[in-house]
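Asker: Line order of the protein sequences matches chains A and B.
Under the numbering used here, the first residue of the first sequence is numbered 4, with each subsequent residue one higher.
Under the numbering used here, the first residue of the second sequence is numbered 4, with each subsequent residue one higher.
Derived from the structure by calculation, the hints contain no laboratory data.
No experiment lies behind these values; they were computed from the predicted model shown.
Accuracy of the hints is not assured; some may be wrong.
[What the hints assert, rightly or not] With a Cα cut of at most 30 Å, we get these calculated DSS-like pairs of lysine-lysine:
no.	chain 1	residue 1	chain 2	residue 2
1	B	K132	A	K78
2	B	K266	A	K82
3	A	K38	A	K130
4	A	K247	B	K136
5	B	K210	A	K78
6	B	K100	B	K150
7	B	K100	B	K210
8	B	K136	B	K210
9	B	K132	A	K82
10	A	K247	A	K237
11	A	K82	B	K150
12	A	K44	A	K237
13	A	K247	A	K38
[Said to hold, decoys possible] These stretches of chain B come out as covered by chain A in the derived footprint (C-beta under 8 Å, 3 or more residues):
no.	segment
14	130 to 140
15	254 to 261
16	284 to 295
17	300 to 308
[As the list claims (entries may be wrong)] Derived CB-CB ranges, DEER-like:
no.	chain 1	residue 1	chain 2	residue 2	range
18	B	P128	A	A67	27 to 37 Å
19	B	R167	A	S31	56 to 66 Å
20	A	A83	B	F55	30 to 40 Å
21	B	K272	A	G103	40 to 50 Å
22	A	E134	B	D135	48 to 58 Å
23	B	S105	A	V65	43 to 53 Å
24	A	G97	B	A47	32 to 42 Å
Every residue, glycine too, gets a C-beta built ideally from N, C-alpha and C.
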Amino acid sequence: MATRSKPTKGSQLHQAITYPLDWVEERSGIVGGVKYFLFRKVPGDVNWFQTLGSATFTAFLVQALTGSILAMYYKPDPKAAYPSIQHITNDIWGGWLVRGMHRWGASVFIILMFMHMGRVFLFGAYKYPRELNWIIGVLLLAMGLGEGFTGYLLPWDQTAYWATIVGININGTAPILGPFLAQFLQGGTAIGADTLSRFYAIHMLLIPGAIFALIGLHMYLVVRLGVTSPPWSKEAAGTGPIAKAPENGGRRAGLTRYTRRGR
Amino acid sequence: MAHPSHDEHPHVPGPSLWPVGFAVGIVVLLVGLIVSWYVAALGAILALVFGFLWVRDLTAGTQLTEADEVAPEGGATAVESEELPPEDPADRYPRSKFLEISTLGLGAVIGGLVTVPVLGFMVAPAFLKQGDKDHDLGPLNDFPEGKFIITTYMTNPAQGAVSRRTAFIRNNGQLNGLPSFTIISNHCAHLGCPVQPNGPLNQRLAKQYRDVTLIPAISIAGFGCPCHGGQYDTEGNRTSGPPVRALDRYSFSIRNGNLFIGKPFAVAKVDGTGAQAKIHMQTFAYPGEHVDGPESWLYPIQPPH
């Protein structure tokens, strides 16, 4: 008879954790997918600037979460919007915090998007074969700015109202289609009762949906194409210690170049 | 190769300097639109020439890659085609192909049936049934001759303050036996901020007529915009700052001794003053749009107002 060792407390705990994960994995493959996404290989000399994309994504998640909860208390009606904002800020428990997170997080989101864009530009990470991901990123930037524009009206105070009038009229000065764009945004020839709910719907449903979809595409391409080395990378140039190692084929240029070999 | 798109050679056009010239041409063209027509024409020529050279470069590259492709060997294909069974006429359009196309087609039709009305519901209301009805501003006696009255009213009192509009109204007296009014909109012709009268108002003499508030001005030297500093004279002509035209005006009518404010219209400029003024009237346009001169060609079609 084979001797069976008594199960230790540690292994029991391990089993308790892994059993449900195995159960899900066997039926969906999701655990493997998440592992593939999180633990994929990246160049050895990536640096902190390459976390800006994840930081932008995190800022967006914060906006999505706080925005969804603010929507439980906000009333997109010309007569009720401003009082509901005052109610959120002054009366509801934690309202000042969540509204503050959303209000300041918006700026953080925009700033991080530009910093991420600057990193990609300065590292040359927009070049072949990643041009499409740059284009998607520019669309995401436009969507993010659209979120900022539509969200600015929602407090429905004097600043919000007149800033939006100016913003809509700047849109209106675009050649040929500008006046149509302005009238579409206003939902009429002037800002009226429908403009606020229209901006609210665009702000919390249309654009966030598009942003989620585009982020999905963006990340798919990041995983598919891999992460770029910094421009000063010795590894990518084939002169670094990792690239020179015999198991990596010795001296070989283009370690991080896009390749399907070995997959 | 099984996946020709996955080879290691980047599919990018060869290096070319022509796009730089093309970009310079576009910039010169845009600058020329503002500065002078000669510069614009020069820019257009530059852009066209360099664009042509660029396209020529690109197409030359394509031809090169096409030439590199190896033609399939004719012998093998000939042998294979001999072995194929004679073509059945019924197989020319196989069932699977029909099902594939009809499924995609039906899906597109259903998608269109759902999407088009919904998108129309989003877009159309902004362009249909626009424009406010004429609004009753009260008896003519409330508008003494030669004085500006700051008139605030609500185009739709049920909607509340969001429908509030302000106009500066001056009774110019009679012109050829008919009453003449100057009704200037408070929407700045720059970007639509609320223009303020430059001068003191007499709040004590303010009057209320239904939803209309009338505040007489003591003396007005013109109008100024608080947002970006646009300045206008008492006829609404721009005197300084960023506005691109004069202040908008409203048409008016008189019914049963009451003044009714009508439709707004854009004004390029006003010659003369008061009842003798010659108003260069245009159809309604959004703030920031030129209504005369070459810049107005940027806005060839106006949405229905």
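Asker: For each hint, tell me whether it holds in the structure or not.
Answerer: Hint check results:
| no. | hint | result |
| --- | --- | --- |
| 1 | K132/B <-> K78/A | 27 Å, holds |
| 2 | K266/B <-> K82/A | 26 Å, holds |
| 3 | K38/A <-> K130/A | 28 Å, holds |
| 4 | K247/A <-> K136/B | 80 Å, violated |
| 5 | K210/B <-> K78/A | 34 Å, violated |
| 6 | K100/B <-> K150/B | 79 Å, violated |
| 7 | K100/B <-> K210/B | 77 Å, violated |
| 8 | K136/B <-> K210/B | 23 Å, holds |
| 9 | K132/B <-> K82/A | 24 Å, holds |
| 10 | K247/A <-> K237/A | 10 Å, holds |
| 11 | K82/A <-> K150/B | 34 Å, violated |
| 12 | K44/A <-> K237/A | 17 Å, holds |
| 13 | K247/A <-> K38/A | 29 Å, holds |
| 14 | 130 to 140 | holds (count 3) |
| 15 | 254 to 261 | violated (count 0) |
| 16 | 284 to 295 | holds (count 6) |
| 17 | 300 to 308 | holds (count 7) |
| 18 | P128/B <-> A67/A: 27 to 37 Å | 29 Å, holds |
| 19 | R167/B <-> S31/A: 56 to 66 Å | 57 Å, holds |
| 20 | A83/A <-> F55/B: 30 to 40 Å | 60 Å, violated |
| 21 | K272/B <-> G103/A: 40 to 50 Å | 48 Å, holds |
| 22 | E134/A <-> D135/B: 48 to 58 Å | 49 Å, holds |
| 23 | S105/B <-> V65/A: 43 to 53 Å | 46 Å, holds |
| 24 | G97/A <-> A47/B: 32 to 42 Å | 60 Å, violated |
Violated hints, in rising order: 4, 5, 6, 7, 11, 15, 20 and 24; the structure is consistent with all others.
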